[in-house]
Structures are given as C-alpha cells and as structure tokens.
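> Chains as they are written, first to last, in numbering that gives the first Met the number 0: chain L, 0 to 135; chain W, 0 to 53.
It cannot be assumed that every hint is accurate.
Unchecked claim - Some residues of chain L that are not near chain W, with every Cβ distance over 12 Å (derived):
(1) 24
(2) 94
(3) 104
Claimed, not checked - Which stretches of chain W does chain L cover? Using the computed rule of at least three CB atoms under 8 Å from a CB of chain L, they are:
(4) 2 to 9
(5) 25 to 31
Hints in this document: simulated from the structure, not taken from any laboratory. Glycine included, every Cβ here is placed at the ideal spot set by N, Cα and C.
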Amino acid sequence: MATSTYLSSPNVTVNSVSLQDQCQGLTFTRTIEALESTAFGSGSRVYVAGLENSTLTLDLYLSFAATETYATLKSLVGTSTTVSWSPSATSPGTATNPTMTLTGAYLEALPYEMALGALGTISVTFTGGVYSVVEV
Amino acid sequence: MKYTILSPRIGTPGDTYEPVDGVNVEALVAGGFIEQSTVKAPKGAKTKTDTNEE
Numbered sequence: 000m001a002t003s004t005y006l007s008s009p010n011v012t013v014n015s016v017s018l019q020d021q022c023q024g025l026t027f028t029r030t031i032e033a034l035e036s037t038a039f040g041s042g043s044r045v046y047v048a049g050l051e052n053s054t055l056t057l058d059l060y061l062s063f064a065a066t067e068t069y070a071t072l073k074s075l076v077g078t079s080t081t082v083s084w085s086p087s088a089t090s091p092g093t094a095t096n097p098t099m100t101l102t103g104a105y106l107e108a109l110p111y112e113m114a115l116g117a118l119g120t121i122s123v124t125f126t127g128g129v130y131s132v133v134e135v
Numbered sequence: 000m001k002y003t004i005l006s007p008r009i010g011t012p013g014d015t016y017e018p019v020d021g022v023n024v025e026a027l028v029a030g031g032f033i034e035q036s037t038v039k040a041p042k043g044a045k046t047k048t049d050t051n052e053e
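Just chain W, with the same shape it has in the complex:
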C-alpha cells in the first residue's frame, strides 16, 4: 500500500509516506493527513484475436 502526504504536519506534501511501526495509518487517512495513492497498474497490451474462419 502506498500513501501520499497531504499535510505539512507529517512531512512534505506530495512525498510518499512510509508507515512507521506503531503508527495508526487509518487514523492519518481519516484525519486527512495522508491519502492512499491511486496509481493504477499499467494495463497489459491488447491482443487481437482473429475470429474469421475461412
């Protein structure tokens, strides 16, 4: 899981937040301090299937 810093209270906004042991990450998300990154996995290349039967 990857998180991005939103609040300067915990670091530089825009930087990746690295969870530390003992820190309640859900509380940071609920408080608006970090957000879960929405980077999507790249899609695989489309393959064309030839369905013509000759």
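Isolated chain L (complex conformation):
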C-alpha cells in the first residue's frame, strides 16, 4: 500500500519567503461553495458549484528574530499574497511532488499568545485566492 509520510522536507513559502524551518503543520481545505438548486420534482437536494473559497492554515513557530516568522507576516495582515507548498522541497512541481499555490490569498489576522516557559507558536489562516497545482 502506497502512503505519504511527511518527515523533514515539506516546503512552504509565504509571500515568496521560505518558512520551511519554522513550519510544523499545514491544513489545506479546498472549498467550492455549494449552491442549492433543488427544484420541484427532486427527491433529494441538488447542488451546483459556487465560488471557490479555500483556506490554508499554517502552524508556525513564532520567531521575532530578523527575517523570521513575525517579520514575514507582520505586514501581510489585511492584504492578499501568494502562498505555496509542496510535500518535498526537493524537485517540487512534479507528478509525485506537486507544488500547490494559492494566489491572492487573504490574511485576516495574526493571532498569538505569549506564555512563560512555552515555545511560541502561531496559527495563521489564509482565505480565498486562486488555487493552482504544478505537477508536470
């Protein structure tokens, strides 16, 4: 049985900045809104595709050092940018290692907490944008 195991090499870039060494998890949900088109005579609900509204959540370590996580994200709140990710940083953009991209993804918030003795982390969610995949 073929499986995908993510060890050390998945890659992620935010606004063309590689955050591979700061990212510990990623959740992508491709969503195309369902518009109900059920009419008289239907025995079950019927839907058609609406607008695409995908979301990508990145779980990152929160470093305030120069050119790290905070420096990457601080000016992106309230704007749209491009986010890309691939299962492996080695030779991305192939059939077995596709590069996924959200272009024009909106970052609404930069939520984080500071706790004494804890490693700082942050989860940021990019919403919307145009989804594309390179898997030549």
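Chain L is fixed; fit chain W onto it per the hints.
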C-alpha cells in the same frame, strides 16, 4: 524599480529580486528581506558656459 535580496529565505543575498505577480513587495521590504537598490542614474557631462563678454 529594482530590488536586491538581503535574506537567504527568498534567494541568494546580493542578487536582484524580480517581483512575482501576487507577491506583496512592500511587506518584503518592511520585513528586511529585500531592499530597494540605490543605484543612481549617471550624471550628464558638465558643460561650461562662457560668460565673458569681450
């Protein structure tokens, strides 16, 4: 507008950064990843004007 890469997170420091569609360049500048190149346009040759009236 020309930009120079400062951080290895986006490329080789010192190389020219070519903005890509959809990328927020101002955020990269604010984060210290790139800087606007300060190459000045060459000055034109000075011309001497003869103001002596004889």
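> Taking the hints in turn, state whether each one holds.
Now for the hints, and whether the structure bears them out:
no.	hint	verdict
1	24	19 Å, holds
2	94	24 Å, holds
3	104	9 Å, violated
4	2 to 9	holds (count 4)
5	25 to 31	holds (count 6)
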